[in-house]
Structure formats: structure tokens, C-alpha cells
Amino acid sequence: GEQVEQRPPHLSVREGDSAVITCTYTDPNSYYFFWYKQEPGASLQLLMKVFSSTEINEGQGFTVLLNKKDKRLSLNLTAAHPGDSAAYFCAVSGVNNRIFFGDGTQLVVKP
Amino acid sequence: GPKVLQIPSHQIIDMGQMVTLNCDPVSNHLYFYWYKQILGQQMEFLVNFYNGKVMEKSKLFKDQFSVERPDGSYFTLKIQPTALEDSAVYFCASSLGDPNYAEQFFGPGTRLTVL
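The listed protein sequences derive, respectively, from chains Z and D. Under the numbering used here, the residue at position 45 of the first sequence is numbered 50, and the numbers go up by one with no gaps. Under the numbering used here, the residue at position 15 of the second sequence is numbered 236, and the numbers go up by one with no gaps.
In isolation and in its complexed conformation, chain Z is listed as follows (with noise of 0.2 Å):
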């Protein structure tokens, strides 16, 4: 079955520079890739849902990219600022009507 990794599981920047999380799976036929925002306490927040022809996604403040190829995916936080401290998650779908998490990474970013 499909297998999600993601790296790093803790990151620490600091307020304005870049933060880089990145996703690969192994299921060649994943074609949905998301995205999810959980802050302390919370439960996940949608960030972005990309379908596979899409290669560079742009959002408030992120962008997601993905590379098929080389069955990757990342999410780039362009400027990070003390509010996008949370845990973050991809997840990738495919024929399967199941969606697979990644293991999540820990954003701090300090001010």
C-alpha cells in the first residue's frame, strides 16, 4: 500500500525566513495531495488541496509543489511568522477511497 513520508519532523525558523516541509509517497497512481494546519489543541485545518497536473500551487503566504516524478511533494511557507507555528500534515490519496497521512512536523517559528 501507499506510504507517506515526511521530513523534517521538527523545524525551527526564525520570524521572515523560509520554512520547507516535504512529503514523498510511493504509489505512483496518487493523484489528490493535501495539505493540513493543526494547532495546539485543535483539530486539522484544510491548507491546500492539489490534484496532480498541477505542479506549482499558490496560497496565502505558501506554495505547494509538486514533483511527480519524483513522487515529492512540499509545502514552502515564503514568510514565516509566529502564527504558522503548528503541527503540519500532508495526506495523498488515490484509487483507493483512502487517504494516507504523513507523520507530521512540528513548525516553530520564533519572533
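These are calculated hints, taken from the structure and not from any lab test. We put the beta carbon where it would ideally sit given N, CA and C, even for glycine. Be a bit skeptical, because a hint or two may be false.
Claimed, not checked - Heads up, incomplete: computed chain Z residues facing chain D, CB under 7 Å, no partners named:
1) Y37
2) L49
3) K54
4) R103
5) D108
6) G109
Take the given structure of chain Z and dock chain D to it, following the hints.
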């Protein structure tokens, strides 16, 4: 935006007892899910449910687990009997369409502690 509610927010029970976790999904959603998250670890899929039936379940969905949504009321996860390793936060989610592409909306979670 659409909200998924979960009741209760915390539950503490003794090992071997039965527990029912309740989820009030988004009103027009058709697909329902349960996930388990042990503290500090990833979200793990348990089961998804559509049209009154379990569509798919993971190996974490033990025989002691069951789900139902009688008459469009709460979508429930029942664990009977509970074990120590069932302690976790359980998240319910719902989506309007097919799990493969439709956004899942997550509830705030129920923290279950089995003593």
C-alpha cells in the same frame, strides 16, 4: 465554514468498559471517517463509512470497534471492550464527495483515556 462537532471532548473510562464517541458531521455530507491520533504522532485512518456501510477499514480498526449512523443522527464509534492502547484522540471527519478528492472536514477530536 462547515463544522463537524464531536461529543464528548474528553472521556475517561476504565479498561474493559464500553465507550461511544459521537460525531455530528456537516449536514449534507455523505462520507464519514474516524481517525486515531496518539499524542505527538501522526493521524491514522481507522474507517470510512458511506450509505450505511463501512467502505474501508484499516488494521487499527479492531474487532472491538464498530461504527454506525442510525437514521441520519450521530455517526458513532463504539469500542467494546476498551483496552489501554485505545487511549488517544479520535477525530471524526466528513466529506461531501468521494474520499479520494473531496475535502474532509475534521471535528475537534475526543480525547479518550483508558485507565
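Problem - Earlier hints that do not hold, by number - result: Nothing - there is no hint that the structure violates, so all of them hold.
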